[in-house]
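Student: Below are the chains, spelled out letter by letter.
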Amino acid sequence: MKLGSFTRHLGLAVVAVFAVAACGNTGGGGAASCSAAKTAKSAADCGGMDALVKAAQAEGKLNVIALPRDWANYGAILDGFHAKYGIAITSDNPDGSSQQEVDAIKQLGSTSRGPDVVDVGMAVALANTNLFAPYKVATWGDVLDSQKESTGLWIQDYGGFMSIGYDSSKVPEIKSIDDLFGSQFKGKVALNGNPKQANAALNGVMMANLAEGGSLDDVSKGVDFFKRLKAAGNFSKTQATTATVKNGTTPVVFDWDYLSAGHGKDVPTWKVFVPSNAILGGYYAQAVSKDAPHPAAARLWEEYLYSDEGQNLWLKGLARPVRQKAMTDKGTVDSVAAGKLPPVNGTPQFMSDAQSTAAKNYVVAHWDAAIA
Amino acid sequence: MAVAARSIQRTRWIKLQVFRYVVFLLAAIFFLVPLGAMVEFSTRANDGSRTLDYWKAIPSYPDLTGAIAASLQLAVITSIVMLVLLVPTMVWVRLKLPRLTRIIEFMSLLPLTIPAIVLVVGLFPMYIWLNNNLSDSILTLSLAYVVLVLPYCYRAIDAGLGAIDVKTLTEAARSLGASWFTVMWRVIVPNISNAILNATLLSVALVLGEYTIANNLLYNNLQVELVHLARDNAGVSIAVAVAALLFAFALLVVLAFVGGRPRRVHDEPATALAGPLAASQT
Amino acid sequence: MTVAGSPAVTTNVGRPFLGGRRLSLDWVGAVPYLTYVGLFLVLPSVIIGIGALLDANNAFTLDNFRNLSRSYVVKATIDTTVLSAITAFLGAVFGALLAYAIVTGSPNGILRRLTISASGVLAQFGGVTLAFAFIASIGPAGFVYLFAQAHGFDFYKQDLWLFEIPGLDLVYLYFQIPLMVLVFLPALDGIKPQWREAAESLGGNTWHYWRHVAGPLLFPAFLGSVLLLFANAFSAYATANALINQGQPVLAQQIAGALSSEVGAYEPGFAKAIAIEMIIIVTLVTVLYTLLQRRTARWL
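Chains as they are written, first to last, in my numbering: chain A, 1 to 372; chain B, 1001 to 1282; chain C, 2001 to 2300.
These are calculated hints, taken from the structure and not from any lab test. One should not assume that every hint holds.
[Claimed, not checked] Mimicking SDA-like on lysine to any residue, the simulated pairs with C-alpha atoms at most 25 Å apart in a straight line are:
id	chain 1	residue 1	chain 2	residue 2
1	A	K290	C	A2056
2	A	K360	A	N130
3	A	K170	C	P2032
4	A	K230	C	T2077
5	A	K360	C	R2066
6	A	K41	A	E309
7	B	K1015	C	I2191
8	A	K61	B	A1045
9	A	K170	B	L1143
10	A	K227	C	A2056
11	A	K290	B	S1135
12	B	K1167	C	H2151
13	A	K271	B	N1046
14	A	K170	B	A1045
[Claimed, not checked] Each pair of labels, with its calculated beta carbon distance range:
id	chain 1	residue 1	chain 2	residue 2	range
15	A	A76	B	L1246	29 to 35 Å
16	C	G2203	B	L1246	48 to 54 Å
17	C	R2294	B	A1004	37 to 43 Å
18	B	T1168	A	T90	54 to 60 Å
19	C	W2027	A	T39	51 to 57 Å
20	B	R1006	C	H2208	17 to 23 Å
21	C	D2079	A	K170	29 to 35 Å
22	C	L2202	B	F1030	34 to 40 Å
23	B	F1030	C	A2059	47 to 53 Å
24	A	A36	B	D1047	55 to 61 Å
25	C	K2157	B	K1167	55 to 61 Å
[As the list claims (entries may be wrong)] Per the computed footprint, the stretches of chain B lying under chain A, defined by three or more beta-carbons under 8 Å from a beta-carbon of chain A, are:
id	region
26	1091-1100
27	1128-1138
28	1212-1226
Keep in mind the model is a prediction, meaning the values are calculated, not measured. Cβ coordinates follow ideal geometry from the N, Cα and C atoms, glycine included.
Using the sequences and the accompanying hints, generate a full structural model.
Tutor: Now the structure itself:
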């Protein structure tokens, strides 16, 4: 009967699609000159940089996660790595949080789609060192001891300062944080995310805290600032995106200075303000996954990021790369890009792990009620 | 008497048309204004003039075609598996296992009670096993998607089955010697073609719009690639969203035109049985 | 209405259910569905349930469920339930009206096909882009608001309600109404003109027809659709998160926060406990729905 054969063909087609898809998964790395890539603690363990490059190219793929192209110029870094070594990069979960990155290692690390490397906030890095493989890049010595884990489990990569970015054509110039209580800022001030969840937002609250005279150990003045801002009707609860910034719904955003600068593409009149009494810095950290499906490529990626080329690309994204001082001393820094960084006059402060935890606890308990 | 009846009919018809036009007008305003705002924003340049630059930037993304192809394949597979799984089961339960109705109904609603963001946590073990033993392909997502579309498709098909007399149709067909397959394929399905079409539309739209599960399982389907694109700049992010909507709409319109002639059950009461009966009547 | 006599009859209608040889074969018909759903739905739910009973060291604990009494979770539970109920009911009513307007047109017409395709697309439209669609139109910088403001009507004078629950109610309707159209249309297709004729021949007018004939007959499908819309709104996450990013007013946002927080508020067990709470709430609503169904179906 016609119908019977039709359904049979349909069934075959479905099976065929599955079979083809299953066969399409070609295996990665074969034998290369770096046979112990999975446990290599440095390029030397692998037989030198050239051996590492060869092994990575034999693997042919790199899985990265939560690296949006517009974040600190990652787009150019991904393209640069691909152009230099010819390794295909799969970029997953662009909007992912640091927690989701380590969750991906925990859950899918054993599959071929698991992330090879992660770029996470310090809180998440410190809490998940059991997931990382120790690796020291060639330029290991250029990084301060306080900015890396001694065996190479994680190493800070770039950072910036918490800032208030604003569209100067829609709101008046901001010279101090208390300007935000002005009537022209009604419903216009937003955080980049929720401080119970996002690193950038928590640091935004802490920066307000410092600007209002608080200390790193106690974030209550920061939460109180936003409570007063909400009461004045100036705090907007909606999510600040490039679209809401451009269309004028959230023309004032608390964000890392390098991320804030990105809005300049859409809004030519965008300015970035860092209060002189509240220079709050934050660095992110790199780590290699213990179960990386492409261990040689993962390590090569780290070498690339910490090479002069990689560090200067971050500089172009207006982030401060961790080797900036060493590169300036050696003269390899991109001085044009360095000159574009927002000027910072004063001593930067950084939250320690304990202070960050205390701030988190306070925020979790008080934030929702404060901005209700 | 006939004249009075006709004028009642006429006033009723007029009232109905007024009602229809008012409803359509209000619906058009409510649904089209936000979409119009998006189109306006996506064609607005930094200086306020009109521009198509953001729209023109869309086709230049190489990863996009692969993602579209994958999502289309997922839509097809999900819809087929869903229909094959759901329609016979629902008919069978109506006929033979009416006590299971509430359980089937509740299980169909369950996927909707668990937000996708936490459902994916429960799916991890299954997918790890699948990836390591069967296939790594993005098409394995369809297995999870069938579960996601269940609530919507169950409700649509249930409404369709409720509007026809399944018991009578089946008994009549079976008494004429039809096999169960014939009953399903040539008697039941044509009578609920509208419901099946609506279920398929919902299923295709869901698969094309699904983001969370694909994203957390580290697959790059259409919506994940759109998020990549959206990070480029504000105008592109909205242009791409509108383009995705138009793409899904075009696809569904094609489906709606191809997928069977919509007809109301009461229009052709006898044709439902025409198939198996016709043979015995000639 | 069995046709007797023919040896080809294999239906078991009329035979006793228990004790018949056919009993085991009947259950087989539900096996494929139950197995599939069991693997890809029940199993994950069980995994989530077990996860809710474990703490960070994988030891048994009831703390996650105890933490459900945290004030912001209780508030989110109430707000989400009310939000879902309102948008389910309003979405069902408006959706039913729109569906009726569609179904009374030409069954093969272009209008019908276009509107159901549009409904299909809009029913799944949500997230950041839907939020932005509303922000760009009626938001504080949107053209509708600016136009109204220029003409003296400032609808954000009291407060910026778009970024509070009322705003969420409105935005949710944008996908609730099309969803209702799609799932309720097949039921409206089943309206027979004989019903109208019967009502008229007994002297009833339009009101009587709807109140006593078509209404009760359509009520089961209507109620089922309301239930679907409720569950749909209850678990929606992306749209709420984009529109109201601070305060996490919706339960799904509380879950996401506990699962993906990168500042250390990471509590996966707690997130799963909230998910179990959501399942329980929807189960309760389903029970309520079942009771309502039984009451209204009694006269049929």
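Student: Evaluate each hint against the coordinates.
Tutor: Results of checking the hints against the structure:
no.	hint	verdict
1	K290(A) to A2056(C)	holds, 21 Å
2	K360(A) to N130(A)	holds, 23 Å
3	K170(A) to P2032(C)	violated, 60 Å
4	K230(A) to T2077(C)	holds, 23 Å
5	K360(A) to R2066(C)	holds, 21 Å
6	K41(A) to E309(A)	holds, 22 Å
7	K1015(B) to I2191(C)	holds, 19 Å
8	K61(A) to A1045(B)	violated, 38 Å
9	K170(A) to L1143(B)	violated, 49 Å
10	K227(A) to A2056(C)	violated, 33 Å
11	K290(A) to S1135(B)	holds, 23 Å
12	K1167(B) to H2151(C)	violated, 61 Å
13	K271(A) to N1046(B)	holds, 16 Å
14	K170(A) to A1045(B)	holds, 17 Å
15	A76(A) to L1246(B): 29 to 35 Å	holds, 31 Å
16	G2203(C) to L1246(B): 48 to 54 Å	holds, 51 Å
17	R2294(C) to A1004(B): 37 to 43 Å	holds, 42 Å
18	T1168(B) to T90(A): 54 to 60 Å	holds, 56 Å
19	W2027(C) to T39(A): 51 to 57 Å	holds, 54 Å
20	R1006(B) to H2208(C): 17 to 23 Å	holds, 20 Å
21	D2079(C) to K170(A): 29 to 35 Å	holds, 32 Å
22	L2202(C) to F1030(B): 34 to 40 Å	holds, 38 Å
23	F1030(B) to A2059(C): 47 to 53 Å	holds, 52 Å
24	A36(A) to D1047(B): 55 to 61 Å	holds, 57 Å
25	K2157(C) to K1167(B): 55 to 61 Å	holds, 60 Å
26	1091-1100	violated (count 0)
27	1128-1138	holds (count 8)
28	1212-1226	holds (count 7)
The structure fails hints 3, 8, 9, 10, 12 and 26 (numbered hints given earlier, in ascending order).
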